[in-house]
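**Student:** Listed here are the chains, written in short residue letters.
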Amino acid sequence: MTERLGALLPRYAPLFLLALAWEGLTLSGIVPSAALPRLDTVATAWFGLAESGELWTNAVASISRGASGLGLAIACGSLIGVLMAWYKPVRIAVNPIVQFFYPMPKSALIPVMVLWLGFGDASKVVLIFVGCLLPVTLSAFNGARGTEEVLIWSARSMGASRARVLWEVVVPSALPELLSGIRTALALSFVLLVSSEFIVARQGLGYMIGWLGDGGAYDAMFAVVLTVALLGFAADRGYLMLARRILAWRE
Amino acid sequence: MNGAAHIEIDRVSHTYRPVRGRPVLALDGISLSVRDREFLALLGPSGCGKSTLLYLVGGFLPVGEGSILVDSQPVAGPGPDRGIVFQHFALFPWKTVMQNVLYGLEKQGLPREERLRRAREHIDLVGLSGFEDSYPSQLSGGMKQRAAIARTLAIDPRVLLMDEPFGALDAQTRSLMQGELLRIWQRSRKTVIFVTHDVHEAVFLAERIAVMSARPGHVKEIVEARFDRDDPELARTPDFLEMVDHVWNLVRAEAIQADRSRVA
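Top line first, the protein sequences correspond to chains A and B.
Positions in the first sequence are counted from 1; adding 2 to them yields the numbering used here.
Positions in the second sequence are counted from 1; adding 250 to them yields the numbering used here.
Hints may be right or wrong, so weigh each one.
Partial chain A-side listing against chain B, Cβ under 10 Å, derived [unchecked claim]:
| id | residue |
| --- | --- |
| 1 | Trp155 |
| 2 | Ser156 |
| 3 | Ala157 |
| 4 | Arg158 |
| 5 | Ala165 |
| 6 | Arg166 |
| 7 | Leu168 |
| 8 | Leu177 |
Derived by calculation from the structure, the hints in this document are not laboratory data.
Backbone N, C-alpha and C define an ideal beta-carbon position, used for all residues, glycine too.
With these hints in hand, go ahead and build the complete structure from the sequences.
**Tutor:** In structure tokens form, the structure reads like this:
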């Protein structure tokens with residue numbers, strides 16, 4: 003454990019240097035504190051928010067929205083993508099829709115979601131679901147299409163039915179590409195979460211950033227911004243570790 | 251033991267229809283019978299349709315024209331009576347050696363104990379004991395092919411289809427594996443169709459060699475290669491070398507033609 007910590011410290015040294023530079027620039031007055039509050043006041047503000055419990059209730063609200071939207075997108079996207087690869091009619095029906103909506107910036111849907119679903123959780127969950135659905139679908143589709151024909155033939159010649167082959171050969175074959183698509187979706191879910199909460203919400207980390215900024219509490223605002231950054235980083239690292247475990251057979 | 255089967259290939263043609271480009275006639279009215287418990291090599295230049303014929307027997311491609319009967323039953327799709335070994339192993343990379351071998355046994359609906367016993371027996375047969383829990387990515391090419399052979403033999407098919415199974419291996423490993431395959435075949439005596447473009451390999455392994463023409467493929471000549479395969483010096487005997495020479499002369503003309511048609 004200490005050995006791993008010893009390896010991690012030098013790797014993240016640049017982050018530490020960045021923090022030092024931040025503190026140095028603000029302390030010396032080169033950057034006015036109205037534009038960038040001192041890092042130590044940001045830290046103080048963070049502990050204040052944490053102690054009052056505000057940070058946690060809002061973080062829980064955000065994380066549960068993000069997890070619901072992303073979870074739904076992973077479940078539906080994987081299913082749609084694999085079925086697109088396996089059944090031609092599904093591909094013909096769904097592919098043009100996916101192709102058309104894939105490049106659209108999903109943040110454009112924020113007002114639409116509010117119009118349809120109001121200011122509560124639903125508009126955020128559905129937005130994240132819609133935004134994350136296509137990257138997951140496309141990666142599942144591409145992964146499943148890349149299934150080696152000889153693997154399907156091998157399974158069939160050992161007595162597997164077509165339905166079994168889909169589950170036992172096509173899905174695992176799609177997994178490496180699918181998992182990397184989900185990683186993209188995970189990052190996207192944070193973008194959509196914070197930006198939608200920022201614009202329309204009464205709860206959540208994005209909402210906090212909004213009202214703290216409007217109220218001029220810049221140190222507290224930066225504390226929340228850094229919290230979001232940290233959450234995103236932790237989610238990505240955690241996901242990578244999980245994916246590496248699932249794909250341990252690849253070596 | 252399920253025993254073996256005889257195969258009747260009767261005037262089979264097959265045309266590949268690529269998404270882009272013109273259709274290609276791969277097989278043109280090919281007829282061939284493979285006897286019960288026979289080791290037959292399909293030998294021919296690359297692109298002659300020998301693998302296509304194997305896939306048709308395996309049921310992976312639909313038989314359009316002509317008919318293929320395995321023990322008098324027409325082939326209608328893949329099935330566990332015909333096991334196949336591919337050039338690039340086709341092991342499930344997410345499964346260990348043991349899980350790969352167990353896969354087909356699970357499909358047979360055997361009780362758990364029996365599955366494990368048969369899997370271990372066949373892993374042992376191909377000399378992979380100790381590597382049961384390795385993933386394919388951790389194995390050498392030769393070991394991968396051993397695992398693939400164990401997986402196919404474990405379900406005890408009546409027919410063994412082999413699609414250039416040693417083509418991706420280095421020369422030393424290939425020669426070792428040829429010896430191993432003969433040893434295994436002499437124990438189980440299945441009907442084997444072995445696709446290769448290696449004349450020496452065909453003469454060394456097969457009792458009969460069907461020499462195929464350049465595309466569109468048909469059988470040019472069938473050569474009987476009856477040798478005492480228990481003789482460790484077989485590959486150096488004059489009879490053997492003469493046979494290699496004879497078969498090579500048959501193949502050469504076809505190989506030249508195949509090469510020319512590729513340029514044209």
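**Student:** If a hint holds in the structure, say so; if it does not, say that too.
**Tutor:** Hints and how they fare:
With 10 Å as the threshold, the beta carbon of tryptophan 155 of chain A comes within range of chain B, its nearest partner Cβ sitting at about 5 Å, so the hint holds. For serine 156 of chain A, the interface hint holds, the least distance from its beta-carbon to any beta-carbon of chain B being 5 Å, beneath 10 Å. The beta carbon of alanine 157 of chain A is positioned within 10 Å of a beta carbon in chain B (closest approach about 7 Å), and the interface hint is therefore held. Evaluation of the arginine 158 of chain A hint against chain B yields a held restraint, the C-beta minimum of about 4 Å falling below 10 Å.
Violation of the interface hint for alanine 165 of chain A is found here, the shortest Cβ-Cβ separation to chain B being roughly 13 Å, above the 10 Å cut-off. Because the closest C-beta pair between arginine 166 of chain A and chain B is about 8 Å apart, less than 10 Å, the hint holds. Taken as an interface hint, leucine 168 of chain A does not check out: its beta carbon lies about 14 Å from the nearest beta carbon of chain B, beyond 10 Å. With 10 Å as the threshold, the beta carbon of leucine 177 of chain A comes within range of chain B, its nearest partner Cβ sitting at about 7 Å, so the hint holds.
Checked against the numbered hints given earlier, this structure breaks hints 5, 7; the rest are met.
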